[in-house]
Amino acid sequence: MIQDFIANIYELWGAAYFEGFSDDMYNINAYLPIFLWMIISIIVVSVTYYYIINHSRLNRWYWWGLFNLVTSLLNFGIAWGASHGKLLDLYNSQNMDFPYSAMIEFFPFAVICFCWTFVLYFVFSMVIKWGSKNCKHSPFL
Amino acid sequence: MSKVYVFGIGGTGSRVLRSLTLLLASGVDCGNDTIVPIIIDPDASGGDLTRTVSLMRCYSDIRKQLVFDGTSQNEFFKTEIDQVVPGFQLPLDNKVQTLKFQDYMGVSSMTSNNQCLMSMLFSDKNLSANMNVGFKGNPNIGSVVLNQFSQSEDFKAFANNFQQGDRIFIISSIFGGTGASGFPLLLKTLRSNTNIPNFALINNAIIGGITVLPYFNVKQDNSSEIDSTTFISKTKSALAYYDKNISGNNSIDALYYVADDINNAYDNHEGGGNQKNDAHMVELISALAIIDFVNNINNRINPTIHKEFGIKDLQNGANDVILSDFAKGTEDIIKDSLISMFLFAKYNNNCLEKQYEHQPWAIDRKLDRAFFRGSFYKNIEMIQTDFFAWLGELSSNKRKLTMFELGDDCELFKSVKDYSPKKSFGFTKNYALIDKCLNKQVQSGTNKEQLYINLFYSALKEVVSLKF
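As given, the protein sequences belong to chains A and S, one line each in that order.
Residues in the first sequence are numbered from 0 upward in steps of one, following numbering that gives the first Met the number 0.
Residues in the second sequence are numbered from 0 upward in steps of one, following numbering that gives the first Met the number 0.
Bear in mind the hints are in silico, worked out from the structure with no lab data behind them.
Do not rely on the hints blindly, as some may be mistaken.
[Claimed, not checked] Pairs of lysine-lysine residues, derived as DSBU-like cross-links and limited to a Cα-Cα distance of at most 30 Å, are as follows:
no., chain 1, residue 1, chain 2, residue 2
1, S, K155, S, K99
2, S, K155, S, K94
3, A, K128, S, K377
4, S, K99, A, K132
Put together the whole structure using the sequences plus the hints.
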């Protein structure tokens, strides 16, 4: 159930379904750890930004944007690295040629992860920002 | 709440009132009393006087928009400065402004015997002197002319306002003309005149005064009637007079003396707009005498109590004074308040414009562009501009009193001379620390002026305790 939901997220409810790649990702349950990394990284970075750093000079939109960008890039890398690694293990274990290419499958998938991270970081920021003393209006400054 | 009527006589009176106003703006504790400044100076266009009057007006305008009902911690502008006489000035007879001394006295219509007596008492220069810029260091002229102020409507307005429990303080210099002559005359009027309203209250009021002994010279100018070589001899004879007629007869409860033996030589101006001397440590100390009087002299005292002011031994024979050279009692009175106002002014000067649209302390309370372009903030800016000017003048005068580094190249918390800022945990520094403390404040309300001042007072109090 959760696996289906997460798969739908990354496949954009069919709009970003890559034949073979998406099936393999689903079958080896590779979406879940990538999703969990995304959620954890968003929580850690945004809580750090709003409550630990909580700096009066870092409350402009561009500082918030930088933290979000770094988190999104991190997840871009995680998505690429984790999916590539897991699928490579899968095909190596079956002594089969690796059928996926960087630009056709991995890059679009990593971009989707990047975009989801960016969006969810924004949503999560909207939820938690109110308790921050110095950054409560970020990113709208 | 009682009132303390502070008479500032002559240029020194105005300059001391300037220091007092800036101390009160900084939040130096003056009890619950209202200060009512009354300037007596025939030189109505004098630079010292006009600068002080506009500063006090500005202070009063700010103070009117603030409420001190015990619900807020704020001490900035806490003491009310009330205006009982228009423009804080006791105007002298118009004749003083327009006539020469001899015409004022009617010498030409005197008998020849009286004319001879006049020429014994007054030099030709005295008799032909214009009085519209003061008495130019001639107390013998001042003692005649100032004798009439008790008849003025404004003096009666002061007397009418006087109530049980109110006190009086008189600021004067002893080595000039206006202050030296005005002080004994005013005191005599207050103690013995029975033709003024509320005379019973006024005659028995608690009265204090500060007599400022020579602390500056003026450059020698043969065309000027002011000659600083006479300051010491005038002081000696005035002190001898005070010994009998002020302290000697206990007509004053507390008499403060302040002097300095390191003198600056100012340009020699007889009066008018050019007579605008730089602020001096002696004037700050004189203002502290008023604070001391307000906080400590609450009963008639017999015999007169005399107070002088001292500072610690200066290190290595240095002549310049810093904040920590004051004794602990003085330091406790002014240190935190002056540092707070300094940080407040620095923030407004260097940081506010860049930050107020981005910081929650301003956004949440709608302290917006309209507020920071409004008259209240303009008045705050004006006070703080004069505060910086005052600090600058103190630190460039002789003797120097350098409490702060005024340049912008110095790190904010290292600007307080001789006080190394404490190291604090975290990586928020300089103005960002002030914003951090502002953003922590929880005050709310609808009076934006009150909110703004409360916020800064509370935040800066925290900053000062964190760093000093």
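Of the hints stated earlier, which fail here?
-> 3 and 4
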